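Model the full assembly from the supplied sequences, consistent with the hints where possible.
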Amino acid sequence: MFKADEIDIAMDYDTIAKAGSMLGSGGMVVIDEDTCMVDMARRIMHFYAHESCGWCIPCREGTTWLRKTLDRFHDGMGRPQDIDNVGELAQNMLGRTFCPLGDAAAMPTISIVKKFRNEFEEHLQGKCAYKSAEALMGSR
Amino acid sequence: MAETKLVNLKINDREVQVPAGTLVIEATRRLGIEVPSFCYYPGLSLQAACRMCLVEVEKMPKLQTACTLVAGEGMVVRTDTEQVRNARKFMLEFLLTNHPLDCPVCDKGGECELQDMVFRYGADTSRFVEEKIHRPEEKWSDLVYYDAPRCILCFRCVRVCDEGMDVKALGVGMRGANSIIIPNGGDHLDCEECGMCIDICPVGALTSGTYRYKTRPWEMRYVSTICTHCSNGCKTTLSVRNHEILRANNRDLSGINKEFLCVKGRFGFDFTQHPERIKQPMLRKGEKLYPVSWEEAMQFAATRLKEIHLAQGPEAIGFIGSNRTSNEENYLLQKLARATFGTNNIDHHRTADYTGLVTALGDQAAESVLTMDGLYQSKAVLVIGNDPTDQNPLVAWQIRSGIRHNGTKLYLLNAEGVKLQRKAAQSVVLGSTKESAAVRWLATGEGSISEQVKTQLAALKTALEAESELAIVFGSPITGAAIRDLVEFASKLNGKVRFMALGDYANSRGAADMGLLPDRLPGYGYVDHAAASGPFARNWGASVPSKPGLTAPQMVEAAQAGKLGALYVVGANPLAHFGTLGMGRGKLPLLIVQELFLTETALQADVVFPAASAYEKDGSVTNTAGEIQLLRKAAEVMGPRPDFDLLRILSHQLEKIGLGKALHYKTPGAVFEEIRKVVPGYGVQPAGLLTGGAEPTIPHFSKNGHAPYDVPVGLIRPAKDNLFTSGTLGRFCTMMQSLPEAEAKS
Chain A
1 MFKADEIDIA MDYDTIAKAG SMLGSGGMVV IDEDTCMVDM ARRIMHFYAH
51 ESCGWCIPCR EGTTWLRKTL DRFHDGMGRP QDIDNVGELA QNMLGRTFCP
101 LGDAAAMPTI SIVKKFRNEF EEHLQGKCAY KSAEALMGSR
Chain B
141 MAETKLVNLK INDREVQVPA GTLVIEATRR LGIEVPSFCY YPGLSLQAAC
191 RMCLVEVEKM PKLQTACTLV AGEGMVVRTD TEQVRNARKF MLEFLLTNHP
241 LDCPVCDKGG ECELQDMVFR YGADTSRFVE EKIHRPEEKW SDLVYYDAPR
291 CILCFRCVRV CDEGMDVKAL GVGMRGANSI IIPNGGDHLD CEECGMCIDI
341 CPVGALTSGT YRYKTRPWEM RYVSTICTHC SNGCKTTLSV RNHEILRANN
391 RDLSGINKEF LCVKGRFGFD FTQHPERIKQ PMLRKGEKLY PVSWEEAMQF
441 AATRLKEIHL AQGPEAIGFI GSNRTSNEEN YLLQKLARAT FGTNNIDHHR
491 TADYTGLVTA LGDQAAESVL TMDGLYQSKA VLVIGNDPTD QNPLVAWQIR
541 SGIRHNGTKL YLLNAEGVKL QRKAAQSVVL GSTKESAAVR WLATGEGSIS
591 EQVKTQLAAL KTALEAESEL AIVFGSPITG AAIRDLVEFA SKLNGKVRFM
641 ALGDYANSRG AADMGLLPDR LPGYGYVDHA AASGPFARNW GASVPSKPGL
691 TAPQMVEAAQ AGKLGALYVV GANPLAHFGT LGMGRGKLPL LIVQELFLTE
741 TALQADVVFP AASAYEKDGS VTNTAGEIQL LRKAAEVMGP RPDFDLLRIL
791 SHQLEKIGLG KALHYKTPGA VFEEIRKVVP GYGVQPAGLL TGGAEPTIPH
841 FSKNGHAPYD VPVGLIRPAK DNLFTSGTLG RFCTMMQSLP EAEAKS
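So the protein sequences, as listed, match chains A and B. Quick note on numbering: my numbering labels position 139 of the first sequence as 139, and the sequence is numbered without any gaps. All you need for my numbering is the position in the second sequence, starting with 1, plus 140.
Bear in mind the hints are in silico, worked out from the structure with no lab data behind them. All of these numbers come straight from a predicted model, not from anything done at the bench. There could be a bad hint or two in this list.
Ranges of calculated distance between the beta carbons of each label pair, as one might list FRET restraints [as the list claims (entries may be wrong)]:
id, chain 1, residue 1, chain 2, residue 2, range
1, B, G183, A, R117, 46 to 56 angstroms
2, B, S185, A, V29, 34 to 44 angstroms
3, A, L124, B, P240, 29 to 39 angstroms
4, A, S21, B, N318, 52 to 62 angstroms
5, B, N318, A, I7, 31 to 41 angstroms
6, A, M77, B, N546, 22 to 32 angstroms
7, B, D220, A, R117, 30 to 40 angstroms
8, A, L124, B, T265, 44 to 54 angstroms
9, A, S21, B, D327, 43 to 53 angstroms
10, B, L171, A, A4, 51 to 61 angstroms
Every residue gets a Cβ at the ideal spot worked out from N, C-alpha and C, and that includes glycine.
Here it is, written out as C-alpha cells:
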C-alpha cells in the first residue's frame with residue numbers, strides 16, 4: 001500500500017515489488033484521505049477471510065482471526081496490544097501459505113499498520129473521524 | 141533391479157545420502173531429526189496444507205515445506221533456526237485459535253499429535269481473544285463420531301478413505317475457517333466401517349464409538365497380538381484396562397498390515413465379554429447341561445474316552461480341531477489323537493485347500509511362498525475366485541497399495557464382479573462358467589467354455605505371459621485338481637509365479653500345517669510314509685498310526701449313524717456345518733466340546749469345557765500366506781482356560797487311568813520349540829517373531845510316489861464370511877451385529 005507521496009513510480013512488476021507491494025492482476029484501488037484505514041483493513045480482511053479456501057492453516061486461521069480482531073477494534077473495543085498483534089499475525093502468514101492469497105491478505109495489512117498506526121491509536125481513544133470505507137465500497 | 145541413484149545433502153550440518161526422489165522430510169527422519177507435520181502421512185498423497193514442516197533451504201528465498209521438497213544433490217537444509225522455530229510456533233498458534241483448549245476432557249488427551257506438538261514447539265500463552273467457531277458434535281455411525289471444532293483439517297481421513305480404502309466416504313465441505321469434513325450420507329456414514337479415519341486422525345476430531353470417554357491412554361496396557369477373525373493375520377494392538385479389552389488399533393504401524401485394520405480387527409473384540417460366554421465346565425445330566433467342577437468334568441471325559449477306546453479301538457474316536465486355536469494347541473490335539481489314542485481320525489473345517497497347494501507345488505513349494513509383503517511388492521497380481529475387499533481385507537489393502545505405490549497390474553478371474561474391478565487392468569467375469577473350468581482351459585485349452593469367455597481368457601493369458609512376475613491369489617473354488625492345473629499354467633508363464641490360497645479363519649492355515657488332517661502329519665507328510673512319520677514317532681516316543689483316518693464330514697456322518705464311539709471337538713461347530721441337518725448328534729455315544737459359546741454342537745455335548753479366545757492366550761498362529769506370528773495374552777476372562785491347558789489337563793487325567801503319556805509342556809513356547817524342530821517348514825528364527833514381526837514358513841514337500849492329490853466334493857467349505865461376519869465369534873460380537881451395513885449384507 002502506497003501513501004500519496006510514494007505513488008510516483010512505474011507500474012510494472014519489478015518496480016512495484018521493489019517498493020514493497022505486489023502488482024498481482026494489475027488492479028488498483030485508490031483510497032481518498034477521508035477513508036478510515038482501520039475500516040479499510042477490516043474490509044480487506046473480510047474479503048480474504050471469505051475467499052480463503054481453508055486448505056492451509058496460516059491463511060485459513062490467520063484471515064479469520066484478523067477479521068475478528070479488526071471488527072472488534074473498529075467497533076471501539078480495541079486494546080493497545082491489538083495494533084502490534086495485527087501486524088505480527090499478518091507477518092506470520094506472509095510467505096508461509098500454500099498459495100499467494102495469504103500473501104495478498106498479509107501485505108496490505110502490514111502496510112496499513114505501519115503507515116497508518118496513528119489511525120489505530122485514535123480508535124483506541126474511541127474516535128473514528130473518517131468516512132467509512134463501507135460507504136464507499138459497499139457493505140461487508 | 142536397476143541401481144537407485146543416490147543424492148547427497150546436508151541437514152543441520154550433517155551429511156546424509158538418500159535415494160533420488162526422497163522427500164526432505166524423510167531424509168530428516170533418517171537422521172533422527174524431527175520435522176513436525178500433520179498432513180504429511182507416508183503412503184498417502186502430498187498436501188503441504190498444515191505448513192508445520194517448513195524448513196530453511198539455502199538459496200531459496202522462502203521457507204520450504206519439507207513434505208513436498210524432493211532432496212537434491214548438494215542441498216543445504218536447516219530445521220533448527222530461529223526462523224523455522226518461529227514458523228512452527230506461530231503455525232500452532234493459528235491452529236489453536238479455533239481448536240478447543242480442553243485437553244483434560246478430550247478423548248484424545250495424552251495421545252494427541254497436536255498436544256505433543258504444542259508442548260514441544262508451541263507458545264505457552266495465546267494471544268487469541270476472539271470468539272471461537274463452534275459446531276455441535278456429530279454421530280456418523282455407531283463407530284464414528286466427528287467433532288468439527290477439534291478438526292485441524294489435515295485431510296488424512298479423507299485421503300485414507302479415498303486412496304487407501306477406495307471407499308471415498310469422506311469429503312471436505314464449506315470453506316475457509318468454516319471448512320468441515322462431511323460423510324457420504326450427508327449426516328451419516330455409509331461405508332465399510334473400517335475406522336481407518338479414526339486411527340489416522342491426529343487429534344480428537346474423529347473418535348471411536350466403542351472406546352470414547354471410557355478411559356485414558358495412560359491407564360491401559362498395550363498388548364500386540366494377532367486379530368482372531370479372518371485368515372489374513374493382521375497385527376492388532378489391544379488396549380487393555382483391568383484385564384478387559386477396550387480398544388484395538390495398530391497405531392505403531394508395525395507388523396505385516398502396518399496401519400491397516402478392518403472393522404473386525406478394530407472393533408470386533410467385544411465377544412470376549414459377551415454374557416453368553418461359557419465360564420464353567422458343564423456336564424450333561426439327562427436333557428440338560430449342568431455346571432460342574434473341573435475335576436468332575438475332566439474325570440468324566442477321561443474315563444469315558446478310555447472306556448470307548450478300550451471297547452471299540454482307536455478308530456472309534458474322532459477329533460475335530462479348530463481353525464481359530466493356536467498352532468501349539470492344534471499340534472497338541474493331533475498329538476493327543478495320534479500318540480495317545482492311536483487314530484488319524486482328525487480334521488478341521490477346511491475353507492481352503494492348503495494341502496492341495498503344497499502338494500501341487502511339490503519341490504517348488506519353498507520358492508513359491510507369497511507373503512503379504514510379497515503381494516504388495518509384486519508387479520502383477522491375479523485374483524481367482526475371491527472378493528478380497530469383502531473376505532480378505534488385508535489382501536485387498538495390499539493389492540490396492542501395490543497399485544497405488546508400485547503400479548502393480550491387477551487381473552481378476554471371478555464368477556461374479558467384485559469391487560476391486562475398478563482398479564483392475566483386466567477383469568474376467570465368468571458368469572455360469574466355474575473358476576476351476578477357466579483355470580483348466582488356461583492350463584490345457586480343454587473344456588467346454590463359451591466363445592465369449594474364451595476370448596476374454598485368451599486375452600488374460602496373453603497379458604499374463606507378458607508379466608515378469610506374478611502373484612496368484614485364489615479362493616475356495618480352486619481346490620485339488622484345479623490347483624494342479626493352476627500350477628501347470630503358471631509353469632508355462634515367462635515370469636516367476638508365487639501363490640497364496642485364501643482361507644477363512646484366523647488359523648486355518650495353521651490347522652492344516654499342524655496336521656489336523658486325516659491323511660497328513662504336521663508339515664503335510666503322508667501318515668503312511670515312514671520317513672515322514674519317523675521323526676514324530678521318535679520325538680513322541682509313541683508309534684504314529686499309518687492308516688488315514690476319517691475327514692470331518694465323514695466323522696460327523698459316522699457319529700450321527702452311531703458308527704463312532706466318541707467325538708472330541710475343539711473350537712468348531714461341525715454339527716452345524718457337516719452331516720444331516722436337524723439330526724443333531726444322532727446316535728453318537730460321547731460328544732466332548734471345548735468352546736467359548738454354546739454353539740449348535742456344544743448344546744448337544746455330554747461335556748463342555750469353557751475355552752479361552754485367542755485374545756486370552758499366548759501362542760502362535762499362521763496366516764493364510766503361511767506367515768507365523770505370535771499371539772500374546774491380553775484379556776483375562778474368569779473361568780475359561782486356553783485349549784492348551786484343557787488338552788494338557790485331559791492328557792494328565794488319561795495318563796492317571798492308564799492311557800498314553802501326559803503332555804508335559806509348561807508353556808506354549810515349549811510346544812513351539814518342538815514344532816520348530818519336528819514340523820517341516822516351521823524351523824523359523826524366533827527373533828523376528830518376538831519383535832512383533834512375521835516369519836514365513838518354508839514348506840518342503842516331496843510326493844513320495846503318492847497319487848496326485850485330490851479332494852472330494854464338499855470337503856472344502858468356505859465360511860462365506862464378509863466384512864461384518866466372522867463365524868461363531870461374529871454371532872456373539874454385539875458391535876458387529878448392530879451395524880446397519882452388516883444388516884444390509886445379510
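Each hint tested on the structure:
1. B/G183 with A/R117: 46 to 56 angstroms: holds (49 angstroms)
2. B/S185 with A/V29: 34 to 44 angstroms: holds (38 angstroms)
3. A/L124 with B/P240: 29 to 39 angstroms: holds (31 angstroms)
4. A/S21 with B/N318: 52 to 62 angstroms: With a Cβ separation near 30 angstroms, A/S21 and B/N318 fall outside 52 to 62 angstroms, so the hint is violated.
5. B/N318 with A/I7: 31 to 41 angstroms: holds (37 angstroms)
6. A/M77 with B/N546: 22 to 32 angstroms: Violated: the Cβ-Cβ distance is about 58 angstroms, outside 22 to 32 angstroms.
7. B/D220 with A/R117: 30 to 40 angstroms: holds (34 angstroms)
8. A/L124 with B/T265: 44 to 54 angstroms: Violated: the Cβ-Cβ distance is about 22 angstroms, outside 44 to 54 angstroms.
9. A/S21 with B/D327: 43 to 53 angstroms: 46 angstroms Cβ-Cβ, so the 43 to 53 angstroms window holds.
10. B/L171 with A/A4: 51 to 61 angstroms: Because 54 angstroms falls inside the window, the suggested range holds.
Checked against the numbered hints above, the structure violates hints 4, 6, 8; every other hint is satisfied.
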